[in-house]
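Chains A and B supply the protein sequences, listed in that same order.
FYI, in my numbering the residues of the first sequence are 1 to 269.
FYI, in my numbering the residues of the second sequence are 1 to 307.
Heads up, some of the hints might be wrong.
What the hints assert, rightly or not - Below, computed lysine-lysine pairings styled on BS3-like, alpha-carbon distance capped at 25 Å:
1) K131(A) to K143(B)
2) K158(B) to K178(B)
3) K207(B) to K276(B)
4) K131(A) to K178(B)
5) K131(A) to K222(A)
6) K298(B) to K207(B)
Quick caveat, the hints were computed from the structure, so don't treat them as lab data.
Residues per chain, in single letters:
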Amino acid sequence: MDKYQIFATQIRTEALKMVCRAKASHIGGALSMADILSVLYSDILQIDPQNPDACDRDRFILSKGHACTALYATLALKGFFPMEELSTYGQDNSRLMSHTNHKVPGVELSTGSLGHAFPVSCGLAYAARIKQETWKTYCLLSDGELDEGSNWEAFMFAAHHHLHNLTAIIDYNKIQAMGNTNEVICLEPLEDKLNAFGWNVISIDGHNYEIIEAALLQPTTKPKAVIAHTIKGKGVDFMENSLLWHYRNPTEEQLAEALAQLQIQNPKS
Amino acid sequence: MRSAFIQQLLEEAKNNNRIFLLVGDLGYSVVESFAEHFPDRFLNVGVAEQNMASIAAGLAKEGFIPFIYSIGNFPTLRCMEQIRYDICYHELAVKIIAVGGGYAYGSLGASHHTTEELGMLRTIPNMTVCAPADPIEAKELVKLAIQDNSPYYIRLSKNGEPILHSNFEIQNSEFRIKKGYPLLLHSLNSSNSAIFTTGVIAADALKFVAENSRNAAIYTFPFVKPIDRQALLPLFEKYENIITLEEHQASGGFGSAILECMNDLEETGQLRMHPKLKRVAIPDSFTHIAGSQAFLKKMNGLNLPLE
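Just need the whole structure built from these sequences, with the hints factored in.
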């Protein structure tokens, strides 16, 4: 599991540097999903950075496009594009815009408007089915975006068509743009709801690598929903569970403190 | 017209296994033949147009040519952001088909009056916006949309619309639509007036000219977007008076598109003197009464002027 932790720390480090440099928002949601990305891009996804458009690749779609720093960092660390490009994030003329951009190698779909990517993922999974191809589709959603009705249209569709080649991962960090999810629009009982919609639901600790890996590898005959209970801002104590860090960007001093904390948690990185 | 559409789609799908049809639980007695012939390439996604548009984007991303089909505002306004972002931004070859354009479902009320979508859709980059005047144009647009690897919108009417082009110089066997170009529907040599129309309201223009012995040419515009400016230049030079006629709000629709072309040609010095142009369109209003298509058009001022 060391490799997962090392990779996740690298993702968090690069994401923090990007938002600090660009004075950008959304670091909290990038940090909450870093461990999931680490596992996905280490061992789960069948992808080739040298051939990012290979027909038989697994498709990974980040629906919570505002948290793109973590995905850009992941892709650069995996070799989809040069690490130096991360320093252009959010700058004039950079393809690394502050929501996920499909012009970036390794990015399947531009996202930024919530409630779009998961229905598109259903289309991909359905296409694989009728083309009789074995690749899989993974879609990582935020919790707040489950307020969008289009996602529930997609949950119904995927279950009706038994799209067991489709996995939805919900980064359930419990904080959305204006407050806690249970105060804005309560999602609970989320597990029961998804079960009732006909999905194979697995609730996990979204920061436990072994459990993430096991959930993603678990065979299924239904579409699979992994509800990953996470901590917004995970890894930096003054960002954790704080709505403020949905918006705020760290100062140079705060960045240094954040990176020092990551170093202490994982000296091997 | 919807029968012409499905016949053509069936024909094309026999030779092209990338063609896919999705419906939003509408199309009873229209789409069944496609579903029977190509069950693997037909989906009724349920009453969920946003999902339908995004699923189609996913299918197109994997190489299919998905047609999404529903009534008027549902596959257009209801999922406008999915069209803009999932389909057009990603340049995916999804073809959006709406039945019941304009007031075709007149008595069903404002929910079913499709009178704003041309203007909304034509503002979106990469989108081609079409409104066939008759079943022949509709069939040709289906063929063209399949060949063109980009997003399309085609506004259909209902059923039983007359074939307008058959009586004129364009015969079925040679009939070809060229993207961005108008079609001459009716002409008189000495005419210095013209009516530019889009969609099935072209039939009203023909009737008007015949009944009132008007010396005016009629052009149909299968494409509201794009409109080729160079194709329009000789028409602006030829006619002193032009009327645009559309079953759509005046703001941003077909007449607006023609005005923009005229202005751009004049502004760039290509057009020396522009013709007088009158727009006949819905004057920024909704309808709160029942009525047939003909009645509602009349009530909303879609009448050609006698003078």
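Check: So which hints don't hold here, by number, going up?
Finding: Result: hint 4 breaks, nothing else.
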